[in-house]
Amino acid sequence: MTSMLEVAGLHTFYGNIEALKGVDVAVNEGEIVTLIGSNGAGKTTLLNTICGNPRVARGRVVLFGQDVSSRETYDIVRLGISQVPEGRRIFPGMTVLENLQLGATLSDPAHFQSDVDMAFAMFPILKQRQGQRGGTLSGGEQQMLAIARALMSRPRILLLDEPSLGLAPMIVKQIFAVIRELNQARKMTIFLVEQNAYHALRLAHRGYVLANGKVVLAGTGAELLASPEVRKAYLEGGA
Amino acid sequence: MAEAAAAAAPAAPSRSFDARAALIESAKVAFVVLVLAATMVGVEIADVTGGHEVRTRFGQVAAAAGVAFAARYVLVLLRHGRHGPVLVGAGAIAALLIGVLAVEWATGQRTIGRYLLPFENPVMDWVLAAIALFLFGRAAQLRRLEGRTASATEASEARWGDRGRWLIRWLGPAFFGFGLVFPFLFFIAPDIVDRRMLDIAVLVLTYIMLGWGLNIVVGLAGLLDLGYVAFFAVGAYSYALLADNFSLGFWICLPFAGIMSAFAGILLGFPVLRLRGDYLAIVTLGFGEMIRIILLNWQAFTGGPNGLSGIPRPTLFGIPFEEPDEDKLTFHGLLGLEFDTSHRIVFMYFLIFALAMLTNAFTQRIRRLPVGRAWEALREDEIASRSLGINPTNTKLTAFAIGAMFAGFAGSFAGTRLGFIAPEMFTFLESAVIVAIVVLGGFGSQLGVVLAAILLIGLPEVFRELKDFRMVAFGLAMVGIMLWRPSGLISHRDPTIRLHPAGRGGGS
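If you read the protein sequences in the order shown, they are chains W and L. The numbering used here puts the first residue of the first sequence at 1, with every later residue one more than the last. The numbering used here puts the first residue of the second sequence at 1001, with every later residue one more than the last.
Just chain L, with the same shape it has in the complex (with noise of 0.2 Å):
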């Protein structure tokens, strides 16, 4: 055992270094670069008045080509144990250019940049500067470790995972103290939470809500149902047909937006109650467009492409949120304030923020229950669940339809924030993007879909400057989590019960 460890401990790798072989590997690479970049990045197709004209961006690719080349050598240099050489150069690049940006991003103008930086997007520099720092990093991690018995690792590698699972503990609450404290930002400091941020949050709580709500059905129970957006669709929907037809509140029609979509879910669910797997998964993505087709089809009753618009605004306990009036009582009336748009945007952060944090706790309580811990051990093994007494025919409608029912809460919601639906709001991207939050965050784990969805749906939002690179960063983040975490950024689970009373004393 600790001859094996040793064997594996980070100074084992061949410290012979061959220069020609190192330069041929890193010009494959950048090769390659050179060959993807030159389509995607070197034509570019500008409007001009008139039509249109063909830019070259040679420049760009060749840059591309040449970081791709010194990334892979310093990757080389590092696997043969030189730490030195890259610790100093990729520190002096890394410094280089991030002070460069900084200075450039403070002054607001572009000047030695110019000749500095390779790309004419700064982002795309920020991103060179942060890979140039992770090289660093890199480096100085593995000096660190170099001269190390396996042993230490070790010790320090327990330590690490000790120090993982107490960061999960409390990152929880912590995120849900700042989720409560965020909009007050918006009051407190308008500089740095501005109303596009407080948009972009409750987008991203609508996804953590939708993440949550079919992790029941893909993370619990198991089933892997790709058409997760019809559900969605069918809340929105049902709230704003009541709203139209019946005139009926956000407040009365949230709960009946939940059980339309949840009795979609038993729809769903009873042909597919024989399905596992792949054959699931398609049926499933095929009742996403069934409902998305429908949609758009039945022109008289949801107005096809056109959608329905006008939906009502949600009020607080009656009061709504408009411009106060003599003969009615308005939010802003009630307390006095001025009129401001931005307070209804708060409001339906907390509204939001309130469904989803229902959502959390309904599960973190269900899978606890009986029906949550069936869910689970189908998920596991369907012939162990059935041989002792679990009946899969109940067990997989509920969750199909609970999930569902959470899916209509948000997609109510959703219609209720922008005051306008239509079918194409709900493709099949919307459900990939929320099945991508699931698997991304790790199967089961709730945290994990908190950091997945300010991942995939935050940072995008955040950077939209880096328009045309965005698929490309959606991709590479994708790969990333494949090789480094394949089972999702939070794969660890936390048993529903704990040590047995009886046993306290014996237990691992």
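Bound-form chain W, shown alone (with noise of 0.2 Å):
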């Protein structure tokens, strides 16, 4: 097994507030794993700083045996990555074709027909929804949208950064089916971020947890889901 992406001694600032401090983290092909934490642990950071933005401090960001590290944002993508961002950040004004066109912005315009096929095959409802405009649809379709945009550009790697925030638990459920599927099915090595952890651990083969802007617990998602720590601060009162 390769590893497609490796985070070593990671530091990210914002202004004075450290972040992010030193984390290490490494996706290889082929997997899911995932990354949970609370509020504020620097979840979306992490996500943010391998994307190129803000930037790496101090620590390295390894892409494909490439450093990335201080590198643009649209040059890193340019390598094999892609992101589902927090919030969806779909286009509202474009319509839901427009918005899979530019997720093709990197990609050959010959495979453009076909991908958006595949996009439609994953999710039905969007070939209903095609000429409605992005910012129209629900809070799961516009998230299904970001998924679909994401892999428009043919990743290698897709990072998602909480898909299941603030939608409907048989929503959730879909997403969850849609990326187990991702995986088994196309190959795709998916690096999740989530506050769900439960549904995250079950879904991934192995997860880290995140605190304070440090990894303080890693494993495959069996050991963790069993873990009394994890159980404790990230499980209890149901999920």
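These are computed hints drawn from the structure, not numbers from a lab. These numbers were taken from a predicted model, which means no experiment stands behind them. Do not rely on the hints blindly, as some may be mistaken.
[What the hints assert, rightly or not] Only some residues are given here: those of chain L computed to face chain W with a beta carbon under 7 Å: (1) Ala-1377; (2) Ala-1384; (3) Ser-1387; (4) Ile-1390; (5) Asp-1494; (6) Pro-1495.
Just so you know, even glycine gets a beta-carbon here, dropped at the ideal spot from N, CA and C.
Quick one: dock chain against chain with the hints and give me the complex.
This is the structure:
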């Protein structure tokens, strides 16, 4: 198994505030790796730093064997990484199809047709909504669109930032099923950031627990699910 | 859903009508008008031989307050569903005013109008007639809607929506066709389309082109530029200076003027790359002023406040529009026509028409190309665009450069049309008017820009008689737009990609 993404001793600052205090994370080919943690632990910061915004202060981000620590976002994503950002960030004034078209900015236009067909096969509701403006979609549909848009560039690794945020349990189930499907059928490597620890750990091969800008626990999904610390901090009260 | 719609139906407003409350409300409005009009209209300083003289027009102020009182009272009546009296009253007043005004306009003298019309200025009386007509129309509309079910209202609204879309689709080609034949009306029907109308049309087209150019920056890329006139100035001065110093013709200078302006656009773009929204607007505003002040003070190069004159006129493939000459081939000599300066104006009209259409065609096309898509994506969400592989630096700079280039083309046209340019032609007010055209038209709407330019540039020129009230009318129009169409006259955005072929049948 080759390492696709390797984060080593990563520090990130927002002004004077140190958001990440030396994080080490690795994602291997074909894996679903999840990162869990409470609010403000630095989960989203880690994903954003991998994508070059904010910049790496200390440490390294190695993507497909290349050090991308000092590159620009639009340059990093060229290598074959795609991010489904927190809060979905679809283009609200543009139609579903236009959103997908922008997702394909970096890919060969010859693929466009078949890639859209694949996206519509994965999320049939998007096919029905294709002429509708993104902002008029429901939350779940927007999340599906964000995932579909991220896949349009044919990435080798997909970063997902809290895809379950603010969605109904039924839709969450559906989204997680899609993530599993992506990994199993399309061999997509996935790095998943979640607050919904139970779902995420059940899905993931491996997981990390982030607290106060540091990785405090690491292990396989099952190990973490069984770990008393995780149960106490993230699963108590039922999920 | 159905109940909610029924509750919102037009019959819903309370029918209990309190005459006293209505009178008090109208009196308040009249009082506000009285206070405002007393200072603005009530006192006039007139030039008389040997000095100034203060004249009062309190009669006019009283008339304005009276009109405001009556109009407000009518609005209250309408609000309470009392359409009958309004229908009769407003209808009678509108008919009377229009009748008297039409007769006086036809005969050209003031007769009974002196006693019947409240204002001295016929334009104001026409405005009053329009208000009466509007109230009459509104009353008629409400009466027609009365007793109708909610679903019928909805169906009628849906039909109007369809008609609106149909209208928008055909309005563009209709305007284009009208624009093509308009100058020929000048030869066919000189009574209707005179020299002045032709000049106004050229001016409106110049602003349409500027509006379309700015639409690239503001409408598509979402970068609010309040100093757009700077690029217009760079274009005009580029042409004037190139023609002056190197005796080059219009057609050679035109691309150069565009390039110079595009360069100025990039120059502005670099420092403002990180700015957004209000901050960007302030810096662009400053840039606009900087260019004007440089032009004003660099006397040796730009002629300073005196400006540049004697800018050469454009030729038609090298054939000038000049008086026929023995040794020189001129347009009139070639066609064996009698010399007429209006031919050059018609030529100018077609020149700016072609330039404006070029801008339009370019914008329509580029929206469907990756660059144009990147502009729109950047306007919608910069962070998301970046994570999809769009380079924001290049994207913003191309938007500034291309927007500026079209302003440069328009600038060289403006220079050659007037034959004279000066820094005072490129003030902030011009930038504000162009931005107003784009905002009023509806961000990103090409057709909206045309309508707004006609409204903002054409109408004030046509109604020059209204001179004192032009800015008031301007402000009123702005307030009206913000109230009724806050996203612009035409807020419809055409998707750049249509239904996915494999998705037919499933579309919404």
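How the hints compare with the structure:
1. Restraint check, Ala-1377 of chain L versus chain W: the minimum CB separation of about 5 Å is within 7 Å; hint holds.
2. Using the Cβ-Cβ criterion of 7 Å, the hint placing Ala-1384 of chain L at the interface with chain W is satisfied: the shortest such distance is roughly 4 Å.
3. With a least beta-carbon distance of about 5 Å to chain W, the hint placing Ser-1387 of chain L at the interface is held under the 7 Å criterion.
4. The interface hint given for Ile-1390 of chain L holds, since its Cβ lies 6 Å from the closest Cβ of chain W, which is under the 7 Å cut-off.
5. The beta carbon of Asp-1494 of chain L comes no nearer than 10 Å to any beta carbon in chain W, farther than 7 Å, and the hint placing it at the interface is violated.
6. Below 7 Å, beta-carbon pairs count as interface contacts, and Pro-1495 of chain L has one with chain W at about 5 Å; its hint therefore holds.
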